[in-house]
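Order-wise, the sequence lines are chains A and B. Here the working numbering is used: position 96 in the first sequence is 96, and no number is missing along the way. Here the working numbering is used: position 268 in the second sequence is 1268, and no number is missing along the way.
It is worth saying that the hints were derived from the structure and are not from the lab. Since this is a predicted model, take the numbers as computed values, not measurements. Check each hint, because a few of them may be wrong.
[Claimed, not checked] Keeping only pairs whose Cα atoms sit at most 25 Å apart, straight-line, the calculated BS3-like set for lysine-lysine is: (1) K1046(B) <-> K1090(B); (2) K6(A) <-> K1054(B); (3) K1196(B) <-> K1270(B); (4) K1270(B) <-> K1009(B); (5) K1359(B) <-> K1270(B); (6) K1009(B) <-> K1331(B); (7) K1276(B) <-> K1292(B); (8) K1395(B) <-> K1232(B); (9) K1359(B) <-> K1395(B); (10) K1065(B) <-> K1054(B); (11) K1090(B) <-> K12(A); (12) K2(A) <-> K1331(B); (13) K1054(B) <-> K400(A); (14) K1009(B) <-> K1358(B); (15) K1382(B) <-> K400(A).
[To be verified] Computed far set for chain B versus chain A, every beta-carbon distance over 12 Å: (16) K1031; (17) P1041; (18) I1230; (19) L1305; (20) D1364.
No residue lacks a Cβ here, since even glycine has one placed at the ideal position from N, Cα and C.
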Amino acid sequence: MKALRKYLDRIKPAFEPGGKLHAFHSVFDGVESFLFTPNTTSRSGVHIHDSIDSKRSMIIVVIALIPCLLFGMYNTGYQHWLACEATEFPFWELFGYGFLAILPTLVTTYAVGLGIEFIVAQWRGEEIQEGFLVSGMLIPLICPIETPVWMIAIATAFAVIFAKEVFGGTGYNIFNVALVTRAFLFFAYPAQMSGDNVFISTEQICGLGGIVADGFTGATPLGQIASATSSDITTLGVNGVAISSWDAFLGLIPGSFGETSTLCILIGGAILLFTGIASWRIIFSVFAGGAIMAWIANLFATSSYPASMLSPIEQLLYGGFAFAAVFMATDPVTGARTNIGKYIYGFLIGVFAILIRTYNTGYPEGAMLAVLLMNAFAPLIDYFVVQANIRRRMRRLTSKS
Amino acid sequence: MTRSITLKKGLDINIIGEILSPSPLNNALIKTIAIVPDDFPGITPKAVVSIGDKVKIGTAIIIDKNDPNIKLTSPSAGIVREIVRGERRKIIKIIIDCTDDEFEQFDTSLINNPDASRLLLQQSGLWAHLRQRPYDIVPASTSFPRDIFITAFDSAPLAPNYDFIIERNYNTNEIIAGVQLLKSLTSGNIYISTRKDSSIKNIEGATIINIEGPHPAGNVGIQVANISPINKGENVWTLNIITLCKIGHLALTGHIDPTTIIAITGSEIKNPQYIKAIEGANIEDLLIDNLKTLNNIRLISGNILTGHAITINDHLRFPYLHITAIPEGDKTDEFMGWASLSPNKMSVSRSFIGHFLKKKFRPDARILGSRRAMIMSGEYDKVLPMDIYAEYLLKAIISRNIDQMEALGIYEVAPEDFALCEYVDTSKIEIQKIVREGLDYLRHEIE
């Protein structure tokens, strides 16, 4: 570490004003503060600070996402093997296949997103911020595995520039960057982003994988239900076997890369709640709102809206609901910031997610749109909560006089 | 019956360097003292002595240019050695050699007359030890408070034990006399907030309130907010019980008592202890031989949350009760500290192992991160036991929105109330500085 420190100290002057590489000073600052905790000491106010900083809180989220990422790799392989009508499922080959399938997307997202962040930070004369570490991890997890890499690149660039940097950068954005990426893909390339095959990787990669059978169906459970025409809502896996709730809980179903496993999402959620990085108020109330809305929809179940025939448990297990509740709704920047506001914000996300997916058959998945909608309303919810405080203070004044 | 209030929000920070056995009390021999007018917000200082002048204990050395009745007086008798000035000849401090022990005698014969009491406090300089809310400033000389709030304990990290100081240096008669004098200056109540086990039980003329809970329970502003909050247009005075004792001493004897008992604490102190000295004493005389090192050290006059950074050549700052010494830490190279699993990292976050350990930490003065926009939410609310949305108030202050500041309760707060918010802040924002600037801005715009 000493040698590294010395090396940084030696090249530092080149990045300072007047130095040859001054144009890259924000990159240098970013790397330096990543490697070594800044040793600036407090100039005003408190003399000691808590050890937590925003790097720490971001990295905890990234760690919490790792179970979903690893499971997504396995499941990508598993679904591919199913589509090939395989009977044996060698673990490491499945996993290796999934790893190779997601790698280009992961690399592209980080390269495009961090690249833009570096340029903007340089232009603004600021230090590189770590916000995109989380977004860059989220984007591959919420996209279908077969999304072309160039689409991911364009969507990421769009989201980082127009959902984040134009508002002022990390901490100032109104909409969740990862969800804007997903929404951009969804609305800009509807033809490529829907259909049966986008959720299953079909190519051989580096000799891994097989030739997929003709005519397999890789539709997600929610996709199948949305297009159901009778009151029969049995969903089938890629191999034509019915999907049980247990499969959906484990995540061995077709779906966006990292969203399928409720189990892994709950492990990530446990990490976030234990460390206190995510708000339990939001997570709890998203599930509560979703369960209540699903129960109501189920009460009035009708075959014209097939998703209404799903039980509340199935509603919470399928699609991106759990992922949105744990990782998307809890984004502190775009969510509600007051404690009471968090209950309302979370509850309405749950309600809208189920409402959209049940009663708008055009959108089989409502979680993404529900979170984006409530992102827009979060400041309004907080406004009313803060107004209540202001009115309380006013009443205190008038009751005195 | 004594009212009890239990506060749930807040945080007790456990750090190394507390005073274990307070008994033997050393007298420090002090060569020079200094008065720093910046310690008395709201005052525009004007020196009324010049270098070489002889002053007694209680002689006015600085007056407020805009309100000449408000005076800062000398806590020691001797010769004015130096008037240190900064930019635009602003007085930084006035240094006085301690060569004498003559007292200025004040007239206490008319003590029951409110105007005489007011004048007595102003002449003696003790008026400047009072604070007024809104704005957290020295009250104007004509100020008439709604209520007066006195805190009888300090809950800050490593803070001095006021009960011990009172036992060693003051007596109950002084507390009673102090309350009587203040009583004549308000038509409202005098509240004294204590811990349950305090020796201060029944004081005639005062309402005793028991406050339980973690820091900032001892902050008088927090007490005001939970006893009887300030509304727009009202003003209250705040002080600590030590100042009350000094006021009582003045009322009983006619001269001020400049002695003070100072808690010398912190991880870089060899032997944490109480020392008897005088207000504004020079630090070298107080800390001589008691510092582990002179390099990479941060000396703080006051506690680690609200104190002033000083050097060994400086002087003790108001309220003259506490010194803390911690490592500066600016020479530390911590590799990827954000990923640390070390149990020595102190944090309120459960993502650090240290959070779960019941041990005392040795933090340094690094901010341990970089400044960011407000990202995490709800952090401030956990450590601020007031009905105030700290985040929204701060945003109103930063945007200089006066209506919003008023509506969100700026009249109720002082920078010190936000010290813990600043400590826990992930984004490392200079919150106390922002609040101080907001209060000054508001006062400037409104008055």
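Consistency of the hints with the structure:
1. For the given pair, K1046(B) sits about 9 Å from K1090(B) by alpha-carbon distance, which is consistent with the 25 Å threshold.
2. Distance restraint check for K6(A) and K1054(B): the Cα-Cα separation of roughly 56 Å exceeds the 25 Å cut-off, and the hinted pair is therefore not satisfied.
3. As the CA atoms of K1196(B) and K1270(B) are separated by approximately 32 Å, the hinted pair breaks the 25 Å bound.
4. Proposed proximity of K1270(B) and K1009(B) is contradicted: the alpha carbons are some 33 Å apart, above 25 Å.
5. Simply put, K1359(B) and K1270(B) have alpha-carbon atoms about 19 Å apart, close enough for the 25 Å limit, and the pair holds.
6. For the given pair, K1009(B) sits about 35 Å from K1331(B) by alpha-carbon distance, which is inconsistent with the 25 Å threshold.
7. Among the hinted pairs, K1276(B) with K1292(B) is consistent with the structure: their alpha-carbon atoms are about 21 Å apart, no more than 25 Å.
8. A hinted pair counts as satisfied when its Cα atoms are at most 25 Å apart, and K1395(B) with K1232(B) qualifies at roughly 20 Å.
9. With a C-alpha separation of about 36 Å, the suggested pairing of K1359(B) with K1395(B) is violated against the 25 Å cut-off.
10. For the suggested pair K1065(B) and K1054(B), the alpha carbons sit about 22 Å apart, so the restraint of at most 25 Å is met.
11. Distance hint between K1090(B) and K12(A) is unfulfilled; the C-alpha atoms sit about 38 Å from each other, more than 25 Å.
12. Distance restraint check for K2(A) and K1331(B): the Cα-Cα separation of roughly 13 Å lies within the 25 Å cut-off, and the hinted pair is therefore satisfied.
13. A C-alpha spacing of about 51 Å is found between K1054(B) and K400(A), which places the hinted pair above 25 Å, so the restraint is violated.
14. The hinted pair formed by K1009(B) and K1358(B) meets the criterion: a straight-line CA distance of about 19 Å does not exceed 25 Å.
15. Taken as a hint, the K1382(B) and K400(A) pair is broken in the structure, with Cα atoms around 29 Å apart against an allowance of 25 Å.
16. The Cβ of K1031(B) lies farther than 12 Å from every Cβ of chain A, with a closest approach of about 27 Å, so its non-interface assignment holds.
17. Even its closest Cβ contact with chain A, about 14 Å, leaves P1041(B) beyond 12 Å, as expected for a residue assigned away from the interface.
18. A beta-carbon of chain A comes within 12 Å of the beta-carbon of I1230(B); the shortest separation is about 10 Å.
19. Distance check on L1305(B): its Cβ comes as close as 5 Å (rounded) to a Cβ of chain A, failing to clear the 12 Å threshold; non-interface status is violated.
20. With 12 Å as the threshold on Cβ separation, the claim that D1364(B) sits away from chain A is violated: the shortest Cβ distance comes to roughly 7 Å.
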